[in-house]
Amino acid sequence: MRAYIARRLLLSALVLALISVGVFWLLRLGPGDIAEIALGQGASQEQVEEMREHLGLNEPIHLQYFQWIGQVLRGDLGESAISGTPVASELTSRLPVTAELLIITLLVTVTIGIPAGVVSALYRNSFTDYAVRVAATVGLSVPVFWVATLVLLLPNQWWGYSPPLGHTVGFFGDPWGNLRQFVPPGLILGTAAASGIMRLTRSALLEVLRQDYIRTARAKGLRERMVIWRHGLRNSLVPVVTVLGIQIAVLLGGTVIIEQIFTLRGLGNYIYQSIVIKDFAVVQTMALYVALVVVLMNLMIDITYAWLNPRIRYG
Amino acid sequence: MEVARPGPLEEAQIAGRARRGWGRQLLFPILRNPLGLAGLLLVLTLVVVGSLAPVIAPFGQNESAGIPFQGPSWGHPFGTDKFGRDIMSRVIFGARISLAVGFLSVIGGTLVGTTIGMVSGYLGGWVDNLIQRAGDTIMAFPGLILLLIMISVLGPSIRNVIIVIGVGIIPGVSRVIRSAVLAEKQNQYIEAAQAAGASSVRVLFRHLAPNVAPLAIVIATTLLAGAILAEAGLSFLGLGIPPPNPSWGTDVNLARNDFPVHTWWVFFPGLAIALTVLGFNFLGDALRDILDPRLRGATR
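Chains as they are written, first to last, in the working numbering: chain A, 2 to 316; chain B, 578 to 877.
Check before you lean on any hint, since a few could be wrong.
[As the list claims (entries may be wrong)] Partial list, computed: chain B residues near chain A (C-beta under 8 Å):
| id | residue |
| --- | --- |
| 1 | L676 |
| 2 | F680 |
| 3 | L681 |
| 4 | T714 |
| 5 | A717 |
| 6 | L721 |
| 7 | I722 |
| 8 | V730 |
| 9 | L731 |
| 10 | S734 |
| 11 | L806 |
| 12 | A809 |
| 13 | F813 |
| 14 | G847 |
| 15 | V854 |
| 16 | L855 |
[Claimed, not checked] Chain B regions said to be covered by chain A (calculated; three or more residues, Cβ under 8 Å):
| id | segment |
| --- | --- |
| 17 | 791-801 |
| 18 | 814-822 |
| 19 | 838-846 |
In short, the hints are calculated from the structure, not lab data.
Just so it is clear, CB atoms sit at the ideal spot from N, CA and C, and this is done for glycine as well.
Using the sequences provided together with the hints, build the complete structure.
Here it is in structure tokens:
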């Protein structure tokens, strides 16, 4: 087990190192450097040159990389080249917003996706099954940004209703206002993600129900409910939980769009704004941060499995 | 927002099931599958509408056709936008952009991804390891954020959107193709070709490629929906197809940022995206059901 964890940790570190190099290099492919972008069109040549010197842009690129990654590893996340705001302070104020959004989203995903998948698998080829599957495909096809825009727009036009916008309402200060702000985007993102989880639960359960041990369980006279819950569902949830972990990455992308529409000041909004204004100092650090979250998430899931299932550990 | 990547289970389902003789074996089952048929019809309608856009559309894509901000009427079934353009005509022309971006990015990405996957699977060893770790790295990163970063570096344009989405699907494709090649290269015809002294390049492109091609086509079909959705998402965020091109995503974004919002301007382009993606998803699902014997047992 220890060797397995060590190997996985090493691989995760390698992936993160590659991502940091990749993003750093990618951001420097385009025309114009950070100094020009930060100062804008009106800046004189001397100002740009001074800024370059200040930001260390005249150093060779690999030295710049090591300087950046060295700072990050020492816990200094740097600051915006444009506004001068430290990334760390933005991170602490924005993380709770995205975390709450993701928690609501995951709750919605699981409570809709898994039961729908189970029902669909148990009554396969029935009308219910087809209805659930068509609904799931529709859920995968309808663009989240369109639904979100309409959800914000229509109640406002019909009843003049709108959730709190533009500022973050804390859960402990004003729980009702907070939920009005976070539940609609969470529901939209969650139902979209539930479609994928539903399909996965369905096929995983169908796969498990074909196994010999299910036949054995039935043959020894277990009640059907027992067979499904104790033997079927439990085993079919293994791939589902794995994919929920992978979903974190997809959802982090989704927060970029949904936070933009509901004007939530979360991490997705921060990353998007930084990309739009080409604040590359922020983009590279945040990209690494997002990758770290995704990699750690997957690492945790893999280690949990290895702990639960010796076949993976020694595989 | 799902970006065009095969999911882990889909990967597992598709992998190792490269099949020959796909023409007759595929078309008829699709026609018998109600959802597959619906998908095929939706997609065909779209292709026809897109290619005949100048004939069908009552107005030009950027033509000022009437008073701004009208609701649906006989003259303008979808209404008019801020600039007095006919929304229906723009939706019709938008089909071209959506399809062009979808098909070109998927074809390009699949070709490159298939080549990389074949080389990776056939050569094995450190090349394989390197390619697969690089793929893992890209896949560990949220797709949409990667697309946004790439497009902000390259600058938003139709060509760059195609490139970026195409690049985004390479790792997923190469992974599935690689696992199919691992199974395929055990066959005797590969051994025979090697024994006859064929070079690696010849074995890859002369002997392996034709047998992997059907699988690549199926993967490509399942990726189309995601690619179209990705273009819409990028455009909606203002980093995709630049105006005044009639991109559906761009139009929803323009409409949303206008005040007061003209609801029909949001509604119709978005509906077009939803129906298009739905059509490709139905079609892709039907293909996968047909090609995957294990699922076939489960669903029939």
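Against the structure, the hints come out as follows:
1. A distance limit of 8 Å between C-beta atoms decides the matter here; for B:L676 the minimum to chain A is near 16 Å, and the interface restraint is violated.
2. Hint status for B:F680: violated, given a least beta-carbon distance of 18 Å to chain A, over 8 Å.
3. With 8 Å as the threshold, the beta carbon of B:L681 stays out of range of chain A, its nearest partner Cβ sitting at about 20 Å, so the hint is violated.
4. Evaluation of the B:T714 hint against chain A yields a held restraint, the C-beta minimum of about 4 Å falling below 8 Å.
5. A least Cβ separation of about 5 Å between B:A717 and chain A falls short of the 8 Å threshold, and the interface hint therefore holds.
6. Here the hint on B:L721 is kept, as its CB sits about 3 Å from the closest CB of chain A, short of 8 Å.
7. The beta carbon of B:I722 is positioned within 8 Å of a beta carbon in chain A (closest approach about 6 Å), and the interface hint is therefore held.
8. A cut of 8 Å between beta carbons decides the hint on B:V730: the least distance to chain A is about 4 Å, and the hint holds.
9. Interface hint status for B:L731: upheld, as the beta-carbon distance to the closest one in chain A is roughly 7 Å, under 8 Å.
10. Taking 8 Å as the C-beta cut-off, the interface hint given for B:S734 is violated, the closest approach to chain A being about 13 Å.
11. Proximity of B:L806 to chain A holds as hinted, the smallest CB-CB distance being about 6 Å (cut-off 8 Å).
12. Here the hint on B:A809 is kept, as its CB sits about 5 Å from the closest CB of chain A, short of 8 Å.
13. The closest approach between the C-beta of B:F813 and any C-beta of chain A is roughly 5 Å, which is under the 8 Å cut-off, so the hint is satisfied.
14. About 3 Å separates the beta-carbon of B:G847 from the nearest beta-carbon of chain A, less than 8 Å, and the hint is met.
15. At a threshold of 8 Å, the smallest CB-CB gap from B:V854 to chain A is about 4 Å, leaving the interface hint in force.
16. For B:L855, the suggested interface contact is upheld, since its CB lies about 4 Å from the closest CB of chain A, less than 8 Å.
17. Counting residues of the segment 791-801 of chain B whose C-beta sits closer than 8 Å to any C-beta of chain A gives 0, which falls short of three, so the coverage hint is violated.
18. Only residues whose C-beta sits within less than 8 Å of a C-beta in chain A count toward coverage, and the segment 814-822 of chain B has 3 of them, enough to reach three; the restraint holds.
19. Residue count for the segment 838-846 of chain B with a Cβ under 8 Å from a Cβ of chain A: 4. That meets the three needed, and the coverage hint holds.
The structure shown violates the earlier hints numbered 1, 2, 3, 10 and 17.
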